[in-house]
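Below, each chain spelled out in residue letters.
Number of protein chains: 4
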Amino acid sequence: MVNVLVWNENRHEQKSEKVRAVYPDGIHGAIASFLQAPEVQVETATLDEEQHGLTQERLDQTDVLVWWGHIAHDEVSDEVVERVRQRVLDGMGLIVLHSGHFSKIFKKLMGTSCDLKWREADEKERLWVVDPSHPIVEGIGEYIELEKEEMYGEHFDIPSPEQLVMMSWFEGGEVFRSGCTYTRGNGKIFYFRPGHETYPTYYNEKIQRVIQNAVQWAAPVKRERPVYGNAKPLENITVKA
Amino acid sequence: MVNVLVWNENRHEQKSEKVRAVYPDGIHGAIASFLQAPEVQVETATLDEEQHGLTQERLDQTDVLVWWGHIAHDEVSDEVVERVRQRVLDGMGLIVLHSGHFSKIFKKLMGTSCDLKWREADEKERLWVVDPSHPIVEGIGEYIELEKEEMYGEHFDIPSPEQLVMMSWFEGGEVFRSGCTYTRGNGKIFYFRPGHETYPTYYNEKIQRVIQNAVQWAAPVKRERPVYGNAKPLENITVKA
Amino acid sequence: MVNVLVWNENRHEQKSEKVRAVYPDGIHGAIASFLQAPEVQVETATLDEEQHGLTQERLDQTDVLVWWGHIAHDEVSDEVVERVRQRVLDGMGLIVLHSGHFSKIFKKLMGTSCDLKWREADEKERLWVVDPSHPIVEGIGEYIELEKEEMYGEHFDIPSPEQLVMMSWFEGGEVFRSGCTYTRGNGKIFYFRPGHETYPTYYNEKIQRVIQNAVQWAAPVKRERPVYGNAKPLENITVKA
Amino acid sequence: MVNVLVWNENRHEQKSEKVRAVYPDGIHGAIASFLQAPEVQVETATLDEEQHGLTQERLDQTDVLVWWGHIAHDEVSDEVVERVRQRVLDGMGLIVLHSGHFSKIFKKLMGTSCDLKWREADEKERLWVVDPSHPIVEGIGEYIELEKEEMYGEHFDIPSPEQLVMMSWFEGGEVFRSGCTYTRGNGKIFYFRPGHETYPTYYNEKIQRVIQNAVQWAAPVKRERPVYGNAKPLENITVKA
Chain A
1 MVNVLVWNEN
11 RHEQKSEKVR
21 AVYPDGIHGA
31 IASFLQAPEV
41 QVETATLDEE
51 QHGLTQERLD
61 QTDVLVWWGH
71 IAHDEVSDEV
81 VERVRQRVLD
91 GMGLIVLHSG
101 HFSKIFKKLM
111 GTSCDLKWRE
121 ADEKERLWVV
131 DPSHPIVEGI
141 GEYIELEKEE
151 MYGEHFDIPS
161 PEQLVMMSWF
171 EGGEVFRSGC
181 TYTRGNGKIF
191 YFRPGHETYP
201 TYYNEKIQRV
211 IQNAVQWAAP
221 VKRERPVYGN
231 AKPLENITVK
241 A
Chain B
1 MVNVLVWNEN
11 RHEQKSEKVR
21 AVYPDGIHGA
31 IASFLQAPEV
41 QVETATLDEE
51 QHGLTQERLD
61 QTDVLVWWGH
71 IAHDEVSDEV
81 VERVRQRVLD
91 GMGLIVLHSG
101 HFSKIFKKLM
111 GTSCDLKWRE
121 ADEKERLWVV
131 DPSHPIVEGI
141 GEYIELEKEE
151 MYGEHFDIPS
161 PEQLVMMSWF
171 EGGEVFRSGC
181 TYTRGNGKIF
191 YFRPGHETYP
201 TYYNEKIQRV
211 IQNAVQWAAP
221 VKRERPVYGN
231 AKPLENITVK
241 A
Chain C
1 MVNVLVWNEN
11 RHEQKSEKVR
21 AVYPDGIHGA
31 IASFLQAPEV
41 QVETATLDEE
51 QHGLTQERLD
61 QTDVLVWWGH
71 IAHDEVSDEV
81 VERVRQRVLD
91 GMGLIVLHSG
101 HFSKIFKKLM
111 GTSCDLKWRE
121 ADEKERLWVV
131 DPSHPIVEGI
141 GEYIELEKEE
151 MYGEHFDIPS
161 PEQLVMMSWF
171 EGGEVFRSGC
181 TYTRGNGKIF
191 YFRPGHETYP
201 TYYNEKIQRV
211 IQNAVQWAAP
221 VKRERPVYGN
231 AKPLENITVK
241 A
Chain D
1 MVNVLVWNEN
11 RHEQKSEKVR
21 AVYPDGIHGA
31 IASFLQAPEV
41 QVETATLDEE
51 QHGLTQERLD
61 QTDVLVWWGH
71 IAHDEVSDEV
81 VERVRQRVLD
91 GMGLIVLHSG
101 HFSKIFKKLM
111 GTSCDLKWRE
121 ADEKERLWVV
131 DPSHPIVEGI
141 GEYIELEKEE
151 MYGEHFDIPS
161 PEQLVMMSWF
171 EGGEVFRSGC
181 TYTRGNGKIF
191 YFRPGHETYP
201 TYYNEKIQRV
211 IQNAVQWAAP
221 VKRERPVYGN
231 AKPLENITVK
241 A
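Chains as they are written, first to last, in our numbering: chain A, 1 to 241; chain B, 1 to 241; chain C, 1 to 241; chain D, 1 to 241.
Derived from the structure by calculation, the hints contain no laboratory data. Fair warning: there could be bad hints in the mix.
[What the hints assert, rightly or not] Listed below are the simulated DSS-like cross-link pairs for lysine-lysine, each with C-alpha atoms no more than 27 Å apart in a straight line:
{"#": "1", "chain 1": "B", "residue 1": "K15", "chain 2": "C", "residue 2": "K240"}
{"#": "2", "chain 1": "C", "residue 1": "K222", "chain 2": "B", "residue 2": "K107"}
{"#": "3", "chain 1": "A", "residue 1": "K240", "chain 2": "D", "residue 2": "K222"}
{"#": "4", "chain 1": "C", "residue 1": "K222", "chain 2": "A", "residue 2": "K232"}
{"#": "5", "chain 1": "D", "residue 1": "K232", "chain 2": "A", "residue 2": "K18"}
{"#": "6", "chain 1": "D", "residue 1": "K104", "chain 2": "A", "residue 2": "K107"}
{"#": "7", "chain 1": "B", "residue 1": "K232", "chain 2": "C", "residue 2": "K124"}
{"#": "8", "chain 1": "A", "residue 1": "K107", "chain 2": "D", "residue 2": "K222"}
{"#": "9", "chain 1": "B", "residue 1": "K18", "chain 2": "C", "residue 2": "K232"}
{"#": "10", "chain 1": "B", "residue 1": "K206", "chain 2": "B", "residue 2": "K18"}
{"#": "11", "chain 1": "C", "residue 1": "K148", "chain 2": "B", "residue 2": "K232"}
{"#": "12", "chain 1": "C", "residue 1": "K107", "chain 2": "B", "residue 2": "K107"}
{"#": "13", "chain 1": "D", "residue 1": "K104", "chain 2": "C", "residue 2": "K148"}
[Unchecked claim] Residues from chain D shown here face chain B by an in silico Cβ test under 7 Å; the list is partial:
{"#": "14", "residue": "W128"}
{"#": "15", "residue": "V130"}
{"#": "16", "residue": "P132"}
{"#": "17", "residue": "E154"}
{"#": "18", "residue": "H155"}
{"#": "19", "residue": "M167"}
{"#": "20", "residue": "W169"}
{"#": "21", "residue": "V175"}
Note that beta-carbon positions come from the ideal geometry of N, C-alpha and C, so glycine has one too.
Let the hints inform the model, and build the full structure from the sequences given.
This is the structure in structure tokens:
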């Protein structure tokens, strides 16, 4: 059983009828809906809940956290961000979607600005699979095509991905590292580019499949955590002059 | 269901009573025995079988191939080696154990000499986990200690591992990259250092657990294979002067 | 002083007036010409020379080998390929250009098929820099644009690059990992995509700059080579029961 | 010309006669002394200077910053740490030594806890070169031996190094990833383990050579920085229904 928590800022949905029309149950609702599966337990949380819905107790019960945020990154409290980061270091998987590239939690885990080029122009995106051996692309063909998406372009200021799984082509002339994995401590992180709030991207079955796969991939490994600090020697040490 | 084929050179077992005493069913028998599990089907093959037991049909039915060889690397036919390589590129997982570092198949997939330092001196090895997030070390503590093993020391002439999972400390003063993952084409490869033929290493439960985990990790991803060669454009190309 | 040897198959130039019109001194001549510099000594060699111009003595004097080949990969003798490989493992830098992706030497060092999609359609290529910290892109802007080039598309069947420096966008809808670094033994390898024989790509100053930078990056490190084989212990080993 | 700034906390030197006996000019003095070279300009700065000696102007003139800190990490102001981080993202090289693993700047750039095992027991350390192709080990043999050092042991909670150059063996039974490279934005980072304040490690010529090499490796690449934010299309975008 994998316990998934889908976190959404849930602000565009409040402010914009256009977004509400695309995601009547919120982006979190749409994502939670397709993640439901026999061995997957899914819940949601949003920014305006107490502690953003991310109490210590709830995070402790979460195996994989999915993160969507955009216009209210600054409203996420530093305390909660640090709590999430500690849980990732402790083993919780983290899937950061689209504009979450600029979330406090992603920037803190990466150490870089996470900046990029962007453009809203209803343009075509084609995500090419460059690592065909990766479990995150199980069931995915050579590429995923999205008729209209926001453009994100290089340079994307992230640390070099540990595994680069997908790369995007954009109609307007740019490319982007769109599916990137990282490890931080005991935790696994997947950044996945698509998902602008005005497009029905999260209803695309291939996009859904990638996120479903990523949940399985990011689930924590079951083992005792490393011990740090002062350590007694395991072997005899020669006394030296 | 994961179909595993454990391949062993099976020569030390014929020649040496000492080895036979440790592995009465052969190293392949010992490995096959602990890999048996509800969702894992295990068979074995050895060098002296027709085509080394590695016919095209059998490889086509294999999800993960485990490889142990040492004194007869040169007797493995180039044709079979190339057949195995094609299956790895096609998605079959490959787990190369100990002296398999010098096997034709590992060297061909790595592109380097795969050379190293070595010594048989009944010395202690301690394998430290350096990637606590990796599924290959599920259930494994901070390190695995082997009272007596052959030493393998750096420089180990391999391409930089895509993921370095374990590093060994040796009593005689050396270190070694002991658990290394690679991808080649659609296939995943894990090199795991321990397992000299005169020591009961493959009866160690932690060593068994690592290889069991590696089988799951290396199982092929289910997806259509990439298409290569001449490709029609997906977008209109402007005719230029 | 860096000693560079530019190797070219030099067959298109013999067969095609169109290619000759673009590269009257051969592709090797064009490349050698822009690599000349105060601290760089450049020579050329071609397929039809004795031993393809790649004798042991000459390779021993070479710091960085640049490789261009396309229609005659099979005519390169296996013996010479193995000789070049040994020199790379020994520290010689290797820069593989464009259709050299299918050369025996590149495939042997990579371990994979090195296959890809391709198309000749006079289309635009834009190479985006994705690693702005890399010395290979010193002096290069955000991207290099080539008005007409052959398309190479993913999936490119190479091991995951150790450093991915550039990614290409193609007019027809594909992307490609265009600037990739590897290490093999003591040697450094750079694969650089552009350079179809019918286009004046190697006269583009930015393309020239990348190759000039790559020569400096790939030059061998001066140090004693690792020692392999049986090794005496550096520390006392306890005698065990 | 490479402009190097050696930063030292300089507190042990004030408090401990033992440390002062080893480093009468401070650890920064010792390091600055061996980094002086014809094409290298070296200055020093310490914690107790105004703004820790790390004003914006001074950082802007610095190509490579060397960092040694231990007991006063918390006294480094967050503002200065962020200033240093921005300069790294902008291209400044950063060499983090020994106990600097726990400095605010290293932790912020890594995103992890950077925790480890440690022990002060006058024990032997042997640093093995695992990447013989790397310019940071030019002139270095197979290993560097230090008769007495503090032990640092795995698990070292860092992101997987982009290049793992050296690994340590410790007498007491541990191993450690001792020479690790990273890139963050336009900047290059090298973490190098040795250098406890009570040992004469920085007088060891091989240790000096590694740091000298690292300065050259980490020097910024000369190119215009990437542009971020809203971007006009480079190609026509089809208007869609």
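Against the structure, the hints:
1. K15/B to K240/C: holds (25 Å)
2. K222/C to K107/B: holds (26 Å)
3. K240/A to K222/D: violated (48 Å)
4. K222/C to K232/A: Outside the cut-off at roughly 39 Å; violated.
5. K232/D to K18/A: holds (24 Å)
6. K104/D to K107/A: holds (15 Å)
7. K232/B to K124/C: holds (15 Å)
8. K107/A to K222/D: holds (26 Å)
9. K18/B to K232/C: holds (24 Å)
10. K206/B to K18/B: holds (23 Å)
11. K148/C to K232/B: holds (16 Å)
12. K107/C to K107/B: With a Cα-Cα distance of about 13 Å, the restraint between K107/C and K107/B holds, given a limit of 27 Å.
13. K104/D to K148/C: violated (49 Å)
14. W128: At 5 Å from the nearest chain B Cβ, W128/D passes the 7 Å test, so the hint holds.
15. V130: holds (5 Å)
16. P132: holds (6 Å)
17. E154: With a minimum Cβ separation of about 5 Å from chain B (threshold 7 Å), the hint on E154/D holds.
18. H155: It holds, given that the least Cβ distance between H155/D and chain B is near 6 Å, below 7 Å.
19. M167: holds (5 Å)
20. W169: holds (5 Å)
21. V175: holds (5 Å)
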